[in-house]
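2 protein chains.
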Amino acid sequence: MESRMPAWDDLEERTIIAGFHGRFIHGQNVTLVKWHVDAGSPLPPHSHHHEQVVLVSAGELEMVLEGERHLLRAGDVLVIPPNAQHEGLALTDVDVMDVFAPVREDYRDPKKGTILGSAGED
Amino acid sequence: MESRMPAWDDLEERTIIAGFHGRFIHGQNVTLVKWHVDAGSPLPPHSHHHEQVVLVSAGELEMVLEGERHLLRAGDVLVIPPNAQHEGLALTDVDVMDVFAPVREDYRDPKKGTILGSAGED
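Residue numbers (our numbering), protein chains in the order written: chain A, 1 to 122; chain B, 123 to 244.
In isolation and in its complexed conformation, chain A is listed as follows (with noise of 0.2 Å):
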């Protein structure tokens, strides 16, 4: 049975994508990482079968889900469903959370997987 109580600060940050720098905690179900984004850093397109939750906490965020852009700023939220293509643009540095499930194993080590998935990956 695992139970942690780190604070963020403490976590290790790795740069997972150009732009993209991230500190990341993996349960048994969830892997939560809270990214800081260098402005201008694009999002390739991508999808995965991870459910993915987007919590913008500060700067502006341009997600497009399937087809439908949406500008993220402080406290929005973009619920991506499994296998749902996505991309995004950091119009600003960004602070946003990634909630993802099941766990991102690739993001537990990067070795595993690919990082962003494809549109063809499950």
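Derived by calculation from the structure, the hints in this document are not laboratory data. Careful: at least some of the hints might be erroneous.
[Claimed, not checked] Negatives, chain B to chain A, calculated, CB over 12 Å: (1) His-158; (2) Pro-166; (3) His-172; (4) Leu-211; (5) Asp-215.
[What the hints assert, rightly or not] If you anchor each label on the Cβ, the simulated ranges turn out as follows: (6) A:Asp-9 - B:Glu-190: 14 to 24 Å; (7) B:Glu-184 - A:Glu-62: 36 to 46 Å; (8) A:His-46 - B:Thr-137: 18 to 28 Å; (9) B:Ala-140 - A:Gly-40: 41 to 51 Å; (10) A:Ile-17 - B:Ala-180: 24 to 34 Å; (11) B:Gly-162 - A:Ala-84: 37 to 47 Å; (12) A:Asp-9 - B:Val-186: 21 to 31 Å; (13) B:Gly-162 - A:Pro-44: 42 to 52 Å; (14) A:Gly-40 - B:Ile-138: 38 to 48 Å; (15) A:Gly-75 - B:Arg-230: 18 to 28 Å; (16) A:Pro-6 - B:Arg-230: 26 to 36 Å; (17) B:Arg-230 - A:Pro-44: 32 to 42 Å; (18) B:Ile-139 - A:Thr-92: 30 to 40 Å; (19) B:Arg-191 - A:Glu-66: 24 to 34 Å.
[Unchecked claim] Stretch-level coverage of chain B by chain A, calculated; a stretch enters the list once three of its residues show a Cβ under 8 Å from a Cβ in chain A: (20) 128 to 141; (21) 145 to 151; (22) 201 to 210.
Even glycine gets a Cβ: it sits at the ideal position worked out from N, Cα and C.
Here the structure of chain A is known, so what remains is to put chain B in place on it, guided by the hints.
Quick look at chain B alone, frame taken from chain A:
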């Protein structure tokens, strides 16, 4: 396929147990709750089959997880494994987000089940 872009402030607040005022987002795999907890409010001992991640953003929250006491402040995270006994006490007014996986069906419709779960739930 479900996708939504609420802002937390747009969501209705519901008081689930005395002193715990929550706003709820339900996906397919996760439920997120933003709570404001009144100072002095106790969370009685209970357990549930959902994994729960507790993310404190303001105030001081005492949590006891399987007999071990944790004092959570802004930026602290507590991962509560499925079926682990836990209880809490808001030492001050507290702002805290809970991430549950799987979905808390009892929060979606409180008439469908117990709110707190119990030690013998599953």
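Distance restraint hint 18 to 28 Å, applied to the beta-carbon atoms of His-46 (chain A) and Thr-137 (chain B): violated, 40 Å
12 Å cut-off, C-beta based - Pro-166 (chain B) kept clear of every residue in chain A: holds, 19 Å
Three-residue Cβ test at 8 Å for the coverage of the stretch 201 to 210 of chain B by chain A: holds (count 5)
Supplied distance hint 14 to 24 Å, evaluated on CB atoms of Asp-9 (chain A) and Glu-190 (chain B): Between Asp-9 (chain A) and Glu-190 (chain B), where Cβ atoms are some 22 Å apart, the hint holds.
Assessment of proposed distance window 30 to 40 Å (beta carbons of Ile-139 (chain B), Thr-92 (chain A)): holds, 39 Å
Cβ distance range 36 to 46 Å for Glu-184 (chain B) and Glu-62 (chain A), holds or violated: Holds, since Glu-184 (chain B) and Glu-62 (chain A) (Cβ atoms, about 40 Å apart) stay within the stated range.
12 Å Cβ clearance of Asp-215 (chain B) from chain A: holds, 19 Å
Verdict for Gly-162 (chain B), Ala-84 (chain A) (Cβ pair) under range 37 to 47 Å: holds, 43 Å
Consistency of the no-contact label for His-158 (chain B), given chain A and a CB cut of 12 Å: holds, 14 Å
Hint check for Arg-230 (chain B) and Gly-75 (chain A) - Cβ pair distance inside 18 to 28 Å: holds, 22 Å
Consistency of beta-carbon spacing, Ala-180 (chain B) to Ile-17 (chain A), with hint 24 to 34 Å: holds, 31 Å
Nearest-CB test (12 Å) between chain A and His-172 (chain B): violated, 8 Å
The structure is inconsistent with the numbered hints 3, 8, 19, although it conforms to all the rest.
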